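In order, the protein sequences belong to chains A and B. Under numbering that gives the first Met the number 0, the first residue of the first sequence is numbered 0, with each subsequent residue one higher. Under numbering that gives the first Met the number 0, the first residue of the second sequence is numbered 0, with each subsequent residue one higher.
This list has only true hints and no planted wrong ones.
Stretch-level coverage of chain B by chain A, calculated; a stretch enters the list once three of its residues show a Cβ under 8 Å from a Cβ in chain A:
hint: 1; region: 47-54
hint: 2; region: 76-86
hint: 3; region: 272-283
In short, the hints are calculated from the structure, not lab data. Treat the numbers as computed from the prediction; the structure is a model and nothing was measured. Note that beta-carbon positions come from the ideal geometry of N, C-alpha and C, so glycine has one too.
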Amino acid sequence: MFHSPFTVSRVVVSLFAVLLSFSQAWGQSRDTLKEVRVKGRKKTTTSADERINTYAPGQKITTIDSITLQQYQFQSVANLLTQQSPVFIKSYGVNSLATLSFRGASTAQSQVYWNGVPLQNAALGMSDISLLPVALMQRVHIVYGSSAAMWGSGNVGGALVVENDKPHFDSIAAFSHTAHAVTGSFGQYQLGLRSVFTSNKWYVAANLMGQSARNNFTYNDADTVKRMANAQLNSGTGMLQIGYKANRQNTIGLTAWYQQYYREIPRALFEAQSLKNQRDESLRLLANWERKGKLNTLVRVSYIRDALHYHDTLALLNTRNVANQLYADASFSYQAGNSHKFMLLLPVTIAWVDSATVSNTNSQNRMAVAVNYLFTGIRHLQIAANMRGEQVDDNSFLLPGINAAYALTNWLSVKANVQRTYRVPTLNELYYNPGGNPNLKPEQGWSVDGGYAIRTMPRSKLSFQHELSMFNRVIDNWILWFGGAIWTPHNIATVHSRGVETDNKLSLHTGKWQWHIGATTAYVLSTTTASHIAGDGSIGKQIPYAPRYNGQANIGFAIGRLYANYNHTYTGYRFITVDESQWLMPYSTGNMQLLYTLPLQSNTLQISAQCNNMWNRTYAVVNARPMPGINWLLGARLLIN
Amino acid sequence: MGRAYIQNIIVVLFSISLLSACVKDKPTVPDVPATQPVSTHKLYIACEGSLSNGNSSLYLYNYASQTEHGNIYEASNGGAKLGDVLQSITRIGSRLFLCINNSDKIVVLDTASHKQVGTISITKPRYILRISDDKAYVSTLFSNKVYIINPQTMQVTGSIAMPYQNPEAMLLRNGKAYICQWDTACGNVYTVDISTDKLLQTIPINSRAPHGMAVDKGNNLWILSGNVHKGKRAAFTVLKPDDEVLKTMYFADKVDAIKPVCNNAKDAVYFIEVDYSGGTANNGVYKINTTDNTLPQTALIPAQSFQYFWALGIEPNTGNIYIGDPKGFIQKGSVQVYTTDGKQQRSFSVGVGPGNFYFD
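Extracted from the complex, chain A is given alone in its bound form (with noise of 0.2 Å):
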């Protein structure tokens, strides 16, 4: 058990650092369906929501590109991240939760936003991300550090933002198409359909999917090898999307999603066996309009319905939790000229939970006023305040933050950016029965971040990336769930973060070859330095399920209609007690993405290959709960225009 893991660390950072002395530029690649082609970078509008697009130059914002999107589009967002990003990904295994962990913040400071609008369980205060397809995502935004000011209580480690194509409209009328069938290891079938309609008017886009896995692999316990069993994935989706453009200034949007998940939990090493099920039942309806003119106005109003049905035999569980979120916004931006962006914010948000644990009678209303400034008066300067006033039921917050980003040379620029954040108690963590705790008061801090970065030669055959964001953040009244027979939240630690993360891209053009090879890496530090536990054991300590080391790689091709990645991952060590004193080993896994397209007439097929876990190492990211060894997606996609 106490191998060297720290050479390992050591050699994997060298690599990275390897990587990141030769590194360059991949991301925001643009590419189309009918080619892989990979086109130089260029400053676009990355988001729909004008809160990432403007009022966050001092934030480190990476945009998933387009291509990566389609390496991954048959799988999970939770897959994506952890191949992808240095984001923490809390996987207890196949069929089970899987949440985000950003610069050593817990699940619940760790927030997903789904066309603005939070996703995060009224109850629980997380999402699980294992549920959030690929496929029905056109983009994902990874926002880290704190921004409460702007998007409000939970937001301190990181925000992850997934959004759908905004409707578009054209003159003239027309259909398109999109089939996709995967098949994989494990007994993983998929089916899904998409259709769009534009005209000068109307936009619809409908989604439909399903997938099936018996997740029947084997694994290691104690040197025997097992099947897995109880371990049955039924999953269906459906979304649907209509825009109406009254006239030029007013588009009108309704989005409905609908998506059910049935999963059987399989053991966990520890267990004899498993009969645990759980089905997930989401409908998330949204409804916008938005007027664009010298005051952009935009209203939105949604409604998130979480239904989770959970079922143990063996422990006599039968509950059944649904939460209720109502939340609506409206924001109104202004520009004064050409140094003055004003963005108003007004959200309201009501969250209630049916279940006969915690009483429906109990709600959490918040609502909040906030005021968003950007400057660019100055050459090569962009400075965003942001100011929050929420009320959450009868205590109120106020929230200042400031970002700014400046250009010292064409190649080099800088940002920096501190918030006021907070976190309020989750419904769960106040009016759970037995053990919530209405008398929770809210974690805070103050969160600082800053960095560079460095682009070079952006037209050039040969051109690099470099991107170094530091960060630094103190939460006051952390809140752990503590207890024996009966588990109690209470404000107990002050927990420091901080840590560095760099992104290193290279990419190379020889002839008809694209080249690329990067590196993302992030170094963790999240440690508790006050506690109110008599002869707590946790000061000084790593918090548990942080890693310190966590980094991924990429290096591959595109020639022609082929594009191929390999991407290797690493993960430190993961403590399970706030003391360090029982922890989880390193582990890293190798994976092969490969794209194929292939016109046929005004059509595009798509053939896709993945390799997960290509050396089949055994690992668990959660104790005893163990991963799939080498394991194969195959998938074709057709867009039928």
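Once you've looked at the hints, dock chain B against the given chain A.
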């Protein structure tokens, strides 16, 4: 020197600076020395671990030499993991029987070597009552069954269907097995004929959800009951040797009392009051003399804020009080040793969630 060359130098320098500032990743936490031969004055400490983490452990303490030996199951069995939630330890003959509650098994160890000699598959085992060298009862969680095992063959030989769920504490008195059922619908204690393994008596008590028992020097049975989180108030019911109720003492509303144990003279009963709210009221180890008719209002050994106790035992020789502090089940716990008048003698670190002591 070209601009690109300067840029590359900057990149490399920053990369190197990153490497020099990092904390070593490999953990360096020293554990208690692994197993050593201990023949007498043995205290086994069942460290439950934290539920669903599979990190239970067995610790051994020599209370004569005051030396502890950590994680002796892993050390004696090639690093094998014990399982999830080590609930209790019982010696039968030359074997130790460990109930691994959430791993649905009983692990059987040789007492001398601590090597595993077998396992018995039982769903959610809690406690074992030795009836004889070749018969024992096993109580279980989430079922109405008490299983019968043969400790020699390590086989399940039968079961006893109980009227309610969650058979919990068991003991022998007057040649009968007394069984509590920690079910909020249950207001009785049951006896079982140990020769026929049939239910013998239903003994009503004046409270619900009995879960702990101890026998005093007058052969009176002290029964602790209640489930305050499900609205069932805690109470001590004392049964005379003829099973008539001698007295019932109710705890204040919301007071959670667990794990009663007699002192060596059997003229007092110690128990734990638990408060998970972080407060100190009704939180600690309490003592009641067997002749008392009212419950103690102050703790003999009070818990501090954000502390509660989870294991309680009495050393056979000195009567010293051993207390397990799980520190929230989120880190290694500790065992604290107190004299009979409540003065702390020593404290030592153990595994996650010390929940039960077994003096061997």
